[in-house]
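Let the sequences and hints guide you as you build the complete structure.
Heads up: the protein sequence lines correspond to chains G and X, in order.
Following the working numbering, the numbering of the first sequence begins with 1 at its first residue and continues without gaps.
Following the working numbering, the numbering of the second sequence begins with 1 at its first residue and continues without gaps.
I should point out that these hints are in silico values taken from the structure, not numbers from a laboratory.
On a predicted model such as this, the values are computed, not experimentally measured, just so you know.
Even for Gly, the Cβ is constructed at its ideal location relative to N, Cα and C.
Keep in mind that the hints are not guaranteed to be accurate.
One-sided excerpt, in silico: chain X residues whose CB lies under 8 Å from chain G [stated by the list, open to error]:
1) 18
2) 45
3) 49
4) 52
5) 53
6) 55
7) 57
8) 61
9) 68
10) 69
11) 73
12) 80
13) 99
14) 140
Residues of chain G clear of chain X, computed beta-carbon distances all greater than 10 Å [unchecked claim]:
15) 15
16) 17
17) 64
18) 76
19) 82
20) 86
21) 93
22) 142
23) 175
24) 179
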Amino acid sequence: MAERKVVLNNPESAASTREQALIEQVQRGQNDLFYELVRPYERRVYAAALAILRNESDAEDVAQEAMLKALANIRQFRAEARFSTWLIQITVNEALMRRRRERTAMMQAIDDRRDDEGEYTPRDFADWREIPSEALERKEVRQKLAEALASLDQKYREVFVMRDMEQLNIQETAEALGISVASVKTRLLRARLMLRDLLAGGWEQGWFSRLPFEKGTKPW
Amino acid sequence: MVNLRAVNCEQVWREISNYLEGDMDAGLRAAIDEHFRTCQRCASVLAGTRNVIRLYSDERMLEAPAGFGPRLEKRLAQGARAQRKWSTWAAWLVPVAALALIAVVLQWGRLEEGAHRLLSPHAQPGDNIPADLQVVVSEDSKVFHVAGCGLIQGKTNLRSMTAKQARDAGYVPCVKCMRKYLQRASLEPDANVDLDLAEEEPSSRR
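Next comes the structure, spelled out in structure tokens:
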């Protein structure tokens with residue numbers, strides 16, 4: 001009996017193959033295909049720029065500049081890295097350069113004085129129930145989460161966005177932001193704990209009031 | 001039996017991020033797991049932190065302003081066109097620039113060569129002199145001559161060599177006996193010079 005070859009229909013693998021094909025086409029000079037290549041990552045690129053610049057207009061401009069730079073340097077991209085990581089790193093570089101240009105040395109120094117020393121103690125210890133991901137369908141919830149994130153100090157927000165939203169690993173985050181792995185870990189811990197407390201406070205204000213929690217419990 | 005080390009709440013909070021990253025040794029992880037089983041406060045911190053990561057890592061949290069995509073597409077299209085124009089120019093410019101550079105370098109090399117080899121500023125290089133023409137040089141002169149040239153009479157330490165060897169050694173052609181090979185002769189033919197000799201082919205002189 002003839003052996004039958006089983007072909008698994010893996011959408012992720014198909015997308016990756018498609019992406020690789022697009023990269024090669026653009027590298028051969030088909031620049032018109034570049035937008036198709038980066039479209040799946042455009043929001044991530046914008047979010048990375050916004051995390052560093054905190055200004056929507058600047059973030060959009062830097063996101064566009066970063067994409068143009070990626071297009072100009074597409075032949076230097078090697079398949080050892082993920083394409084999305086490469087794009088994010090270019091964006092972070094562009095955003096950091098923009099910020100350096102626009103900030104005075106004094107402001108930079110003041111920000112750098114706020115170090116990572118001292119421990120962060122969680123404030124809220126309520127019973128926890130998982131927030132269903134459907135909550136994110138509500139614009140109000142997304143807005144509150146974005147506001148909580150925006151309220152973090154720059155250094156905590158950057159690390160949190162790169163690691164937990166952009167999905168860079170610890171090492172990649174350190175390289176992209178030009179800080180040590182130890183600093184990434186310290187800042188990430190603080191960012192996560194601070195957001196947890198901020199969102200617990202949000203529960204008190206009824207952000208998640210329409211979600212199906214049991215009576216007497218909080219999300220955390 | 002595993003000997004668990006005890007950890008307190010502060011240690012757990014300090015390590016909670018590494019715990020979620022899976023970035024700790026097995027012993028510490030087991031100790032923290034044990035702590036979570038007995039400490040509701042720390043279990044709450046763990047669950048809340050995990051919730052934060054899960055919510056923020058959702059694609060829906062990555063929002064861009066309205067119209068961001070179309071504006072980006074337009075800008076990239078402009079960039080792609082500009083790059084294509086530049087590529088077309090570059091495709092021509094690069095080889096043309098390379099050729100121009102080579103020409104400049106060659107010319108410069110020739111000038112340098114001439115400047116170094118011609119010992120007299122009034123000398124002419126004599127590019128048309130046959131390389132294997134037998135000539136005569138004198139140790140105390142900068143000029144090479146055809147044997148019999150009137151201007152070599154009375155010179156001492158004469159040596160015979162080819163015109164190429166003489167030029168390589170820095171000698172310049174005599175403007176009289178080499179007149180026919182030079183672009184311009186500074187002197188009129190001299191009756192004392194045996195021009196016939198100068199015009200002889202090298203083979204006939206050997």
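Consistency of the hints with the structure:
Proximity of residue 18 (chain X) to chain G holds as hinted, the smallest CB-CB distance being about 7 Å (cut-off 8 Å). About 5 Å separates the beta-carbon of residue 45 (chain X) from the nearest beta-carbon of chain G, less than 8 Å, and the hint is met. A hinted interface residue such as residue 49 (chain X) counts as satisfied when its beta carbon comes closer than 8 Å to some beta carbon of chain G; here the least separation is about 5 Å, so the hint holds. A hinted interface residue such as residue 52 (chain X) counts as satisfied when its beta carbon comes closer than 8 Å to some beta carbon of chain G; here the least separation is about 5 Å, so the hint holds.
This hint holds: residue 53 (chain X) has a C-beta 5 Å from the nearest C-beta of chain G, less than the 8 Å allowed. With 8 Å as the threshold, the beta carbon of residue 55 (chain X) comes within range of chain G, its nearest partner Cβ sitting at about 6 Å, so the hint holds. At about 5 Å, the closest approach between the beta carbon of residue 57 (chain X) and any beta carbon in chain G falls short of 8 Å, and the interface hint on this residue holds. Checking residue 61 (chain X) against chain G: minimum C-beta separation of about 6 Å stays under 8 Å; hint holds.
At about 6 Å, the closest approach between the beta carbon of residue 68 (chain X) and any beta carbon in chain G falls short of 8 Å, and the interface hint on this residue holds. Look at residue 69 (chain X): its Cβ gets to within about 6 Å of chain G, closer than 8 Å, so that hint holds up. Among the interface hints, the one on residue 73 (chain X) holds; its C-beta lies about 5 Å from the nearest C-beta in chain G, closer than the 8 Å criterion. The beta carbon of residue 80 (chain X) comes within 4 Å of a beta carbon in chain G, closer than 8 Å, and the hint placing it at the interface holds.
With its C-beta approaching chain G no nearer than about 24 Å, residue 99 (chain X) sits outside the 8 Å limit, and its interface hint is violated. Interface restraint check for residue 140 (chain X): the shortest CB-CB distance to chain G comes to about 64 Å, outside 8 Å, so the restraint is violated. The Cβ of residue 15 (chain G) lies farther than 10 Å from every Cβ of chain X, with a closest approach of about 14 Å, so its non-interface assignment holds. Once the 10 Å rule is applied to beta carbons, residue 17 (chain G) is consistent with being away from chain X; the minimum gap is 21 Å.
The Cβ of residue 64 (chain G) sits about 5 Å from the closest Cβ of chain X, inside the 10 Å cut-off, so the non-interface label is violated. The Cβ of residue 76 (chain G) sits about 14 Å from the closest Cβ of chain X, beyond the 10 Å cut-off, so the non-interface label holds. Its beta-carbon lying about 16 Å from the closest one in chain X, residue 82 (chain G) satisfies the requirement of being farther than 10 Å from that chain. With a least beta-carbon separation of about 16 Å from chain X, residue 86 (chain G) lies farther than 10 Å from that chain, consistent with its non-interface assignment.
With 10 Å as the threshold on Cβ separation, the claim that residue 93 (chain G) sits away from chain X holds: the shortest Cβ distance comes to roughly 18 Å. Separation of residue 142 (chain G) from chain X is inadequate, the least Cβ-Cβ distance of about 6 Å not exceeding the 10 Å criterion. The claim that residue 175 (chain G) is not at the interface with chain X holds, since no C-beta of that chain comes within 10 Å of its own (minimum 17 Å). A cut-off of 10 Å between C-beta atoms confirms that residue 179 (chain G) is not in contact with chain X; the least separation is 16 Å.
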